[in-house]
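Given only the sequences and the hints, what does the whole structure look like? Please build it.
The listed protein sequences correspond, in order, to chains A and B.
Residues in the first sequence are numbered consecutively from 1, following my numbering.
Residues in the second sequence are numbered consecutively from 1001, following my numbering.
Label pairs and their calculated CB-CB ranges:
#  : chain 1 : residue 1 : chain 2 : residue 2 : range
1  : B       : T1211     : A       : R20       : 53 to 61 angstroms
2  : B       : E1138     : A       : T28       : 50 to 58 angstroms
3  : A       : M214      : B       : E1108     : 51 to 59 angstroms
4  : B       : D1220     : A       : M214      : 35 to 43 angstroms
5  : A       : S117      : B       : A1226     : 47 to 55 angstroms
6  : B       : Q1137     : A       : R64       : 22 to 30 angstroms
7  : B       : D1220     : A       : L136      : 40 to 48 angstroms
8  : A       : G227      : B       : K1101     : 37 to 45 angstroms
9  : B       : E1057     : A       : H12       : 52 to 60 angstroms
10 : B       : G1164     : A       : S267      : 38 to 46 angstroms
11 : B       : P1256     : A       : Q56       : 54 to 62 angstroms
Don't read these hints as lab results, they were simulated from the structure.
We put the CB at the ideal spot given by N, CA and C, even for glycine.
2 protein chains.
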Amino acid sequence: MQKTVAAPGSNHMMKIADSREARGIIRTGEYTGHTAGIAPDFVQGNLCILPREAAQEFAAFCQRNPKPCPVIGMGSPGDPALPDLGHIDIRTDIPRYRVFKDGQLVDEPTDIRKYWSDDLVTFIIGCSFSFELPMLQEGIHLQHVARNTTVPMYRTSIDCVPAGRFKGKMVVSMRPLSPADAIRAVQITSRFPAVHGAPVHLGLPEAIGITDIMRPDFGDPPEVSAGQLPVFWGCGVTPQVAIEAARPSICITHKPGSMLITDKKNSALAAL
Amino acid sequence: MQKTVAAPGSNHMMKIADSREARGIIRTGEYTGHTAGIAPDFVQGNLCILPREAAQEFAAFCQRNPKPCPVIGMGSPGDPALPDLGHIDIRTDIPRYRVFKDGQLVDEPTDIRKYWSDDLVTFIIGCSFSFELPMLQEGIHLQHVARNTTVPMYRTSIDCVPAGRFKGKMVVSMRPLSPADAIRAVQITSRFPAVHGAPVHLGLPEAIGITDIMRPDFGDPPEVSAGQLPVFWGCGVTPQVAIEAARPSICITHKPGSMLITDKKNSALAAL
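Rendered as structure tokens:
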């Protein structure tokens, strides 16, 4: 029983500044759309739920690859709460989920109560929304935000450090910036190690296996102006690609764009 | 009466770790060479001495252009001491000086006691030696250090913010770095705002009016490898160029490479 919400409802959600209020509406199933722009001062996170037998290996994979896989929340086995991120029930508090069995997408429900079990472990991975806000606040132009498109993402030739069955290439997001903005962006995002941190690369896409920045593997093609450099950050799609390849018996993620809204302020993630 | 010192003496100087010991030898006139590598833990500075009537304008020029002109010491009119930088007599404590009258080089003495007057004001400008050491300590390869050449420097199309008679284009130094090292270098040098701080530009030399990075305006041509980006920092030659153009009645600088060794540790300049 999925409810979809018409444009007026979505517009209403965009005006909600409080994370608890937004999550309360999502919990009822009334809102099932994207979370970009909702409660913008608060940290949003990517979801990965895995069976206990795979969870420790996945935790090690994230620990070894903090730039693409920064863990900002981890549940106890069987416990749907994430008390350090807010009063959260991970079974209901995301607008729309994706359920994979043996690597195959089998469902896109608005809650996962019927899939939950004592065997499941929740991971919340930091997201670039948290560092884009401080960049925008300093006047840095982000083309995908201005054009309301999805940031372009690319599979690279950079190997992640493997952990058991979890391995693969790093996926990166790209923001074209003027050289001065690129330098400022390194400074700003260095303050946010919990949400991908500093760029992993800039200026020479071919050096990390990207042959055409106008043809991203995920997201929308960018608009790149003369005098801009491509600047690349580790991307939260990296763990999703590693999980897909590992084909665990069950895996539950958020539907791309429909993320967990936490009660943690973005500013609280600043390292200094 | 200038004494020059043979190679054994120079090699001896290179082994001196203590700033006061090095400055004591320089004060006697016994050592008149370059200071790179001497007492490497201590801040070295560029010298500009100007008549009082030009000094306040020059102070404003530096204040408005902190990246190329970071002031780390300023004397009282007529006072050759710089107590916050050490027990210094600026008339004797630099290996070799340059004296300009109305913009013309008239002398290269080893002390300036005969030129000193109550009308003169000393400025010490930070130098990139202080931020190169922490880059080297983190394993970043600097081609001009490895090859024992002078860092390449370029006149750019970037206008300095003028202050009275002092104006002109920014001069930058350039270090070719891999993209990953460029990102790390932004982080490291951002900690040192008192010695040029973060880069002013990277990746696209033509955007700041540099047509050929292999033909620097000052210093030696660089060795640039495939996969490296040119990274540009504000350079202490900028105030020298502005002073030359302003043609004050008298100006005394250090001879390039023969700088003031202070008692301040490089690490003390770190902002965080």
